[in-house]
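K.L.:
Single-letter residue listing:
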Amino acid sequence: MAAQLYKDGGFVADDWRHLGDDEPLPEAGAVILPLARFLENVATAPASLKLAVLLRAADDPDALAPHLSRLELIAVDFAKFSDGRGYSTARLLCRRHGFDGELRAVGDVLLDQIPLMRRCGFTAFEIVHAPTRRALEAGHNVEVPLYLQPAERAGERPAGARAWARRPAASPV
Amino acid sequence: MYRYDEFDTDFVSARVEQFTDQVRRRLAGDLDEEQFKPLRLMNGVYLQLHAYMLRVAIPYGTLNGAQMRKLAYVARTYDRGYGHFTTRQNIQFNWPRLKDIPAILEELATVEMHAIQTSGNCIRNVTADHFSGAAADEILDPRPYAEILRQWSSLHPEFSFLPRKFKIAVTGAPHDRAAVQVHDIGLQAKRDADGNVGFTVFVGGGLGRTPMIARKVRDFLPEEDLLAYCEAILRVYNRYGRRDNKYKARIKILVHETGVDTLKADIEREFEEIRHGVLRLPQDEIDRITDYFAPPPFDAGADDGSLDRATAADPALAAFVERNLHAHKAPGYASVTISLKPIGKAPGDATADQMDAVAALAERFGHDEIRVSHEQNLVLPHVRKADVPAIFEGLKAAGLAEANAGLVTDIIACPGMDFCALATARSIPVAQRISERFGTPERQRDIGDLKIKISGCINACGHHHVGHIGILGVEKKGEEYYQITLGGSGDENSSIGEIIGRGFSYDDVVDAVETLVDTYIGLRETPQEDFLAAYRRVGDAPFKEALYGTA
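Protein chains in written order, with our numbering: chain A, 321 to 493; chain B, -13 to 537.
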């Protein structure tokens, strides 16, 4: 299967594997666990096994506070693209908790929502929707590149004198 | 009024391009209808009963002559020669073709207009008192804050997929003409003893299936905290608002189910974290935006007494002045309400020619300013009283001189089953029949202030819950039935109307309204005691008895 992970402007191989609640924990590798299972195993997992966490829409990011400094990756699930809770989850992780690892949007991730997700702090996207994949591969930009709110994405430049007006970073991330 | 700078111009053009591309991808099949729907809604495009509908934003109901002429042009070129002004101070075109919508948006962009966030589960067009900057009783003009909120909420990355729509209204006068207590966030601007600006903040009001009056969460929020506090409210709502049932998804349900104290504590906790951050409003930015709304240069010698002489000679003009003029803060000036409720016509509709006529009057006599009121009328906010006779003549020629502002025929009605896919009953024809029943000038004036509001389904777009007389059309066994509520109000003493009893058929509902009005006339203590005051004094018993007989 072709790579699904879109990051830094292209599709790349994914070192991480999603692990459901029923699959046994491997001895080694890198797995993404649902929140409850992550919290159960984070203290006891062997050093050879890297853990990341999947937050579902109703999960409280505050639950990760004690573990953030050791987390390389947090995935946020959009079970339906129209459920916007994940945007707030991302902003809380970035702003309230200062998380600076990979923040990955998974699930129903669509082309028109990606620019909004980026501004809320997402840096990586798992893409399953074929037209979205084609558009990303073709470099099709759908963003309104002028912003009227401060956001989490690094490198946005002030635009004029207004307190909140921003333009994208000089080169898109 | 606010004028676009280069940033705003580029922003709107980029949004038009973005939407054009979205339409193209929808037609190419890259987006299915479910995926496309929120995108088109966020740009004001609905799929209605017979056609697409385009709702164009008129931020806080303020526009100029060139913008009104552009709306007339769109009505003439892309629609059937008219538009419909809405209860949220916007305008809807009921018959555009989807393929024309990108072209319409390009036309609108040339006069600094757009359709951004006039629909969808996002922060909607911010509304304000239609007499802002003009009313004699105003403490301060709320529009600079409405504009700041408009900018901040435009294409907000975090709040574009909320549980449900989110409506904000702002007023700067003690008499609330913006119905702030029936909005998701209602803001009442005021000054403290030292002259500092702040807001009383209401949260969780709304109409629809479950009408609720908003709860006060702040008595005096300092102006510099406005955006941070709104962001805190929105974040709490986005995270905890219900998403399992669209009819329970508005913030009013969250307030109701969580309890206002708990929810307020959540909001305050969130606010504390961000209040000193980048959203804190700098004074120079407030001043910069406020400068756009500077009042026009008023002529100190405007009050020449000529209007009094003209009304003495012309009873029709006198009636117009009595009903359709509102007290202005500058001596010799007034705000003129242009009624879009001619007797027997659809409330809120204006033809392209009428829009052009209003634009011309605004340019000639009104400092080039027009307002849309949430009661679906137009307003010239700043006119010299001496010019009122000429304006009245101009309005007569355009068929817009009905002297019925605030009277029984000044009815709010949703589009209803004639246009809307959700409606279960007609509302416009009911409004037209009531208007005809009470249409003579003498009878209307005798009845006095009376707000009738009509919705064609329980979503309550006609605001029937806050009508002094509210009418809700429902469908029962294939027939239209009309439920009547009494005692609703959407001002600073807001209340939700109460159902008086069993409903009436389409044929009988106008008779029932007449019975209610006659009952009121019979029991009022003086002609100055209006319908709502009388109802609040005597309760529903006499009205019930008149409608249904003694039980």
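Keep in mind the hints are simulated off the structure, nothing from the lab.
Idealized CB from N, CA, C, for every residue including glycine.
Mixed in with the good hints there might be a few duds.
[Unchecked claim] Using 25 Å as the maximum straight-line C-alpha spacing, the simulated SDA-like pairs for lysine to any residue come out as follows:
(1) B:Lys23 with A:His460
(2) B:Lys85 with A:Val462
(3) B:Lys250 with A:His460
(4) A:Lys327 with B:Lys382
(5) B:Lys382 with B:Cys406
[Stated by the list, open to error] Distance ranges between label pairs, derived from CB positions:
(6) A:Leu359 with B:Asp230: 39 to 49 Å
(7) B:Glu515 with A:Gly480: 26 to 36 Å
(8) B:Leu33 with A:Arg337: 54 to 64 Å
(9) B:Arg266 with A:Gly480: 30 to 40 Å
[As the list claims (entries may be wrong)] With the Cβ distance kept under 10 Å, some of the chain A side facing chain B (calculated, not the full set):
(10) Gly329
(11) Phe331
(12) Asp342
(13) Leu345
(14) Ala356
(15) Ala377
(16) Arg390
(17) Leu436
(18) His449
(19) Thr452
(20) Pro470
(21) Glu472
(22) Ala474
(23) Trp484
K.L.:
It remains to establish, for every hint, whether it holds in the given structure.
P.N.:
Verification of the hints:
1. B:Lys23 with A:His460: holds (21 Å)
2. B:Lys85 with A:Val462: Since the Cα atoms of B:Lys85 and A:Val462 sit roughly 19 Å apart, the hinted pair holds (cutoff 25 Å).
3. B:Lys250 with A:His460: violated (43 Å)
4. A:Lys327 with B:Lys382: violated (64 Å)
5. B:Lys382 with B:Cys406: The given pair, whose Cα atoms are some 31 Å apart, is violated under the 25 Å limit.
6. A:Leu359 with B:Asp230: 39 to 49 Å: Since A:Leu359 and B:Asp230 have Cβ atoms about 25 Å apart, the given range 39 to 49 Å is violated.
7. B:Glu515 with A:Gly480: 26 to 36 Å: Violated, at about 55 Å.
8. B:Leu33 with A:Arg337: 54 to 64 Å: violated (42 Å)
9. B:Arg266 with A:Gly480: 30 to 40 Å: For A:Gly480 against B:Arg266, whose Cβ atoms are near 19 Å apart, the range 30 to 40 Å is violated.
10. Gly329: violated (19 Å)
11. Phe331: Cβ of A:Phe331 sits 18 Å from chain B, so the hint is violated.
12. Asp342: Interface hint status for A:Asp342: violated (26 Å vs cutoff 10 Å).
13. Leu345: violated (30 Å)
14. Ala356: violated (19 Å)
15. Ala377: Interface hint status for A:Ala377: holds (8 Å vs cutoff 10 Å).
16. Arg390: It is violated, given that the least Cβ distance between A:Arg390 and chain B is near 24 Å, above 10 Å.
17. Leu436: Holds, about 4 Å.
18. His449: Nearest chain B Cβ about 9 Å off; hint holds.
19. Thr452: holds (8 Å)
20. Pro470: holds (4 Å)
21. Glu472: holds (9 Å)
22. Ala474: Nearest chain B Cβ about 14 Å off; hint violated.
23. Trp484: holds (7 Å)
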